[in-house]
Amino acid sequence: MSLPPTPAPPGAPARRPSSGRYSALRLFAEGLRGQRGWRRAWARPTPRPEYQVVIVGGGGHGLATAFYLAHEFGITDVAVLERGPIGLGNVGRNTTIVRSNYFQAPNIRFYEFSLKLWEGLERSLNFNAMVSQRGTLNLFHTEAQRDLFTRRANQMRLLGVDAVAVDREEVRRLVPLADLDNGRYPVLGGFLQPRGGTVRHDAVAWGYARAASEHGVDILEHSEVTGIRREGERVTGVETRDGFIGARTVCLAVAGHSSRLAGMAGLRLPIESHVLQAFVSEALKPVIDVVLTYGAGHFYVSQSDKGGLVFGGAIDGYNTYGQRGTLPMAEEVAASAVTLLPALARVKVLRQWGGVMDMSMDGSPIISHTPLAGLVLNGGWCYGGFKAIPAGGFTTAHLIARGTAHPLAAHLDLARFAQGRTIDERGVGPFPYAH
Amino acid sequence: MNAASARSPTRTEMLRIPCPWCGERDEIEFRYRGDATVQRPPPDAAMEAYVAYVYARDNPHGWHLEWWLHTGGCRRLLKVVRHTLTHEIREVLAPEQWPQEPGESQVP
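Protein chains in written order, with my numbering: chain A, 1 to 435; chain B, 1001 to 1108.
Just so you know, these hints were derived from the structure itself, not from any lab. Take these hints with a grain of salt, some might be off.
Stated by the list, open to error - Straight-line distance between alpha carbons at most 25 angstroms, and here's what the computed SDA-like set of lysine to any residue pairs gives:
1) B/1079 with A/348
2) B/1079 with A/260
3) A/348 with B/1014
4) B/1079 with A/433
5) B/1079 with A/324
6) A/285 with A/179
7) A/348 with B/1013
8) B/1079 with A/431
9) B/1079 with A/428
10) B/1079 with A/429
11) B/1079 with A/268
12) B/1079 with A/116
13) B/1079 with A/317
14) B/1079 with A/434
15) A/116 with A/103
16) B/1079 with A/329
Small disclaimer: the values here were computed from a predicted structure and weren't measured.
Construct the complete structure from the given sequences, taking the supplied hints into account.
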């Protein structure tokens, strides 16, 4: 799983002033100078008529793809087109959890690659993304569930990934607030991935945007794609509100709206759009220092550095592009929260919102060529998109730069559906609302 | 079956589905069963047609024809025309019926 060597950057010097290196010393010096020396973190370039690569979508995956294209593969003739400002899409609407505790081996390898990139992210971006490996703890409540988690943990350990079985007393020590003896679903134990944790999601978007921009990538905000131009079976560029932009490769990284963008090129995808809700409570003193997931319902929670409890559940379960949910899922999440952590019953929820997910037909993502030459798809992230940003960006950049799939993402191709190679982590079949 | 759109539809609280047999009920009585436009191809159809039937979806940004099962009521399968952005429900039909052209959503 070693990274390919970094090629020397192409001869052309940086086309724009740098925002400079961020460091504690600089922070101190700027403090003395009245903070007047900071410059824009990423440039606001004028769009050029043509690029080697146009990435549609300036979220986590689009920006990461642009960064790795420039940083690892030496391709800097790249534009990232974002409909709104950077950071207001799903990259800023998730619950910030990173982990690699999957069940199926290809998923474990892919997300473990991502976790390793997270571990070195702040150094490679020179940006404080507040990577916090506080551990992710999944609770089990029945003996059958214990067997399932044990198998999952063993599978991870066979692949060299950290996983620890913890008993009730250890759960009690890790999460004193949890009611382990609740009448309906007593907690029997848990399954801990110590290297899992959280990352400040906005900083991920800003850090990748800044680093990509320093490499010469054009980040074009408020640039909405309205069409995709085809010549026969080849894609030649995108129509935007400000005119046509040509490209040798167009990459869609617009999870939530992949069907709409692919539809502009005449493709139908194995994807439905669904809403996933998230919630933040009022700020509390530190009460939970792991990422905790409840095993008898849909609820997971972590505490942000500001003190708010960040929590969520499952998708609402009907097709929607509305960035909001309905109350039944909010009620289910709240009921689970109070069952597991009764002390939270009187905590107030400050904010609730929804993000639109690409729910794929097998619950796994798609990083793939498409039936159209020059069109690459990064999508179908279901609700695993945030943790996958570094690996998704790296492997998508590999696919664009080398023309072949990265070995860790080769199984995520579109052809898997027709060829019976679906990666159905939950084993529920081709029903997006069930994943 | 225009009961839901006749009154001001809820934006965030709850989908209210007017079941033709039971009347208007909260979404918690129903189970979503997916896209109702997909049709099983004839037995001798090409493999591509079956792949599209099982996996490919229009996933429209607008009106969507979909199945809901009234598990907490009459337990019948309903065909619902719902807008995927505004959540407005325009028409609820029996499985064998087909809807009219729904036009624009009335919900801002």
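Hints, verified against the model:
1. B/1079 with A/348: Judged against 25 angstroms, a Cα distance of about 38 angstroms means the pair is violated.
2. B/1079 with A/260: 24 angstroms, holds
3. A/348 with B/1014: 21 angstroms, holds
4. B/1079 with A/433: 17 angstroms, holds
5. B/1079 with A/324: 23 angstroms, holds
6. A/285 with A/179: 19 angstroms, holds
7. A/348 with B/1013: It holds: about 18 angstroms lies between the C-alpha atoms, which stays within 25 angstroms.
8. B/1079 with A/431: 17 angstroms, holds
9. B/1079 with A/428: The given pair, whose Cα atoms are some 23 angstroms apart, holds under the 25 angstroms limit.
10. B/1079 with A/429: 22 angstroms, holds
11. B/1079 with A/268: 23 angstroms, holds
12. B/1079 with A/116: Violated, because 47 angstroms separates the two Cα atoms, which is more than 25 angstroms.
13. B/1079 with A/317: Holds - the C-alpha atoms of residue 317 of chain A and residue 1079 of chain B are around 16 angstroms apart, at most 25 angstroms.
14. B/1079 with A/434: Status holds; Cα separation ~19 angstroms.
15. A/116 with A/103: 18 angstroms, holds
16. B/1079 with A/329: Holds, because 23 angstroms separates the two Cα atoms, which is no more than 25 angstroms.
Violated hints, listed in ascending order, are 1 and 12; each of the other numbered hints is respected by the structure.
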